[in-house]
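Assemble chain P onto chain G, guided by the hints.
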Amino acid sequence: MSGSLRRRLWRALRRPRVVASVLVLILVAAAAIYAPFDPIGPTKQDLFATLKPPGFRSPSGVVHLLGTDQLGRDLLSRLLMGARISLTIGLASLAIALVIGVAFGLLAGYFGGVVDSVITGITETLMALPFVLLAIAIVAAVGPSLPVLILTLGLTGWVSFAKLVRGRVLELREEDYVQAAVSLGASTRRVLLRHVLPNVAPLLLVDGTLQLGTLILAEAGLSFLGLGIQPPTPSWGGILSEGQIFIAVAWWIPTLPGVALLLTILSVNLLGDALRDALSPGD
Amino acid sequence: MLTYLGRRLVLSFVTLLGLTLLVFVLINLSGDPIRLLLPPDAPQSEVIAYRHAMGFDAPLPVRYARFLGAVARFDFGTSIQLGQPALGLVLERLPATLALAGLAVALAVLIGLPLGVTAATRRDSVWDSLVTAVAVTGQSTPVFWLAIMGILLFAVRLRWLPAAGIGGWQHYVLPSLTLALFLLGGIVRVTRTSVLEVLGKAYVRSARAKGVAQRLVVWRHALRNAAIPIVTVIGLQLRFVLGGSVITETVFAWPGLGRLLVQAVYARDYPVVEAGVFVVAILLILANTLVDVSYTLLNPRVRIR
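Top line first, the protein sequences correspond to chains G and P.
Heads up: the first sequence is residues 57 to 339, going by my numbering.
Heads up: the second sequence is residues -2 to 302, going by my numbering.
Derived from the structure by calculation, the hints contain no laboratory data.
No residue lacks a Cβ here, since even glycine has one placed at the ideal position from N, Cα and C.
Treat the hints loosely; a few may be bogus.
[Said to hold, decoys possible] The calculated label-pair distances, taken between Cβ atoms and stated as ranges, are: (1) Leu211/G x Pro37/P: 30 to 36 Å; (2) Pro110/G x Leu283/P: 48 to 54 Å; (3) Leu121/G x Gln211/P: 50 to 56 Å; (4) Pro110/G x Ile163/P: 33 to 39 Å; (5) Arg212/P x Leu61/G: 40 to 46 Å; (6) Ser201/G x Glu43/P: 28 to 34 Å; (7) Thr244/G x Ala67/P: 40 to 46 Å; (8) Leu8/P x Pro95/G: 54 to 60 Å; (9) Lys207/P x Thr244/G: 54 to 60 Å.
So here's chain G without its partners, still in its complex pose (with noise of 0.2 Å):
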């Protein structure tokens, strides 16, 4: 990374709104590894304490600083569980999409010919249809669980990485250097991986930070609509989804988890928008 880089990253990433996305994410984290610690627990029901108000104290001394549920199960434990469950399928599937993006972009951008053409059809079949509407088609066959709603994330979310890649290997297969390479023998896995690839690395960067908004976005939708992680493991789509219908007499359900997944989802986006700017002067 050269000095004026690093100048730049260091200017976009000091500005507020910046650093108290960072300072959200690193909260989102932590209460993702605290989670399985928490005294009450996201499944510990107590029919004596149902859709309680924040702040409730029941008469055996715990404390629901964000109120329960219909079952009596205390709504802060549950975020925080589902704090856990959306950054670990967000990162999950973001992992497999960059691996599958990455390699396809790299083959069809550097061989071109057949090998492009297949992957384009791929990338144009996957594009052809709104993303939902693939999962429920992929639900519909196989039920919902967790790997599945890895994979389908996973198997989906790559064709914008994919495109990213594939042009600029297009571009740097024509700079001096990489055929400097190429003409010294080096091998074509040589070449991808020490020459190509690490010139696509900032805007994979950029690109991998906005789509882990995406996946996110995209589990809590489906989790939402039932085709995700099902109860009574929590998800913050789910808790919506469970409290929706007691919306008028415990407003708390349906409101905290979109707030959570609201500020998570904004400063993933804003983190990511921090880095474009720094990252890609061209624009």
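This is chain P only, laid out in the frame that chain G set:
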């Protein structure tokens, strides 16, 4: 233009072929279809006989060829849940979805264009920051949460609007605004960027130097030339509109295609899901072709090939 349409046709054909393959693989992943169709206690001999009668014992390529033939004839079979032709069910629900989606796109454009232009012409002002903040927040807000908050405020607390269902114009307000707000961010941001870019061009400066009023410069000269990226983004967003309408329709009990498909998944009603997948894919292909063709109308210099 003709060569463009020809190439587009071939590409669309390949895309639809890819979809048939995807759907075929998914159907076969879903387990033995006979088990879904026959009662669980059916004797083994009956299962074998029925499997043969339905052609499920043929080799995979033969079954794929048969599936292709059926799709080509728009024959998606009968809904397991409702016993009616799947395609008919889907087409019956389509108008409600298109009305909602169309209204949402129109609202997003009507609100988004002025906001984006304002942000661009008053660059780095308070207005610019405010509009950009609204755009990012809009893009980060979960649609289903926004919908529920809308119901909480306008239907439960204020009692101004109905919470769900279809009926008079009041029923359109919450679902279409929710969906529109989701699209707004993208339209605002691309309008701002492309107007900013055009405002720096020579012909805009000369129009200004000629003494053309600012309002006219922006809306006549700048926006017209900034139109192509804006239309492109609207075209790309159509995918998300249809995706978002699945969620919006579910929250607001809107009798559209999205809600039908979600209900079909719960019932494992695969023929309906299949018909829905192909109808939406064909719609999106048509819409994107129209977007490409509209480039030539927006800018006569563009020749699509």
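### Task
Identify every previously stated hint that the structure contradicts and give their numbers, smallest first.
Violated hints: none; all satisfied.
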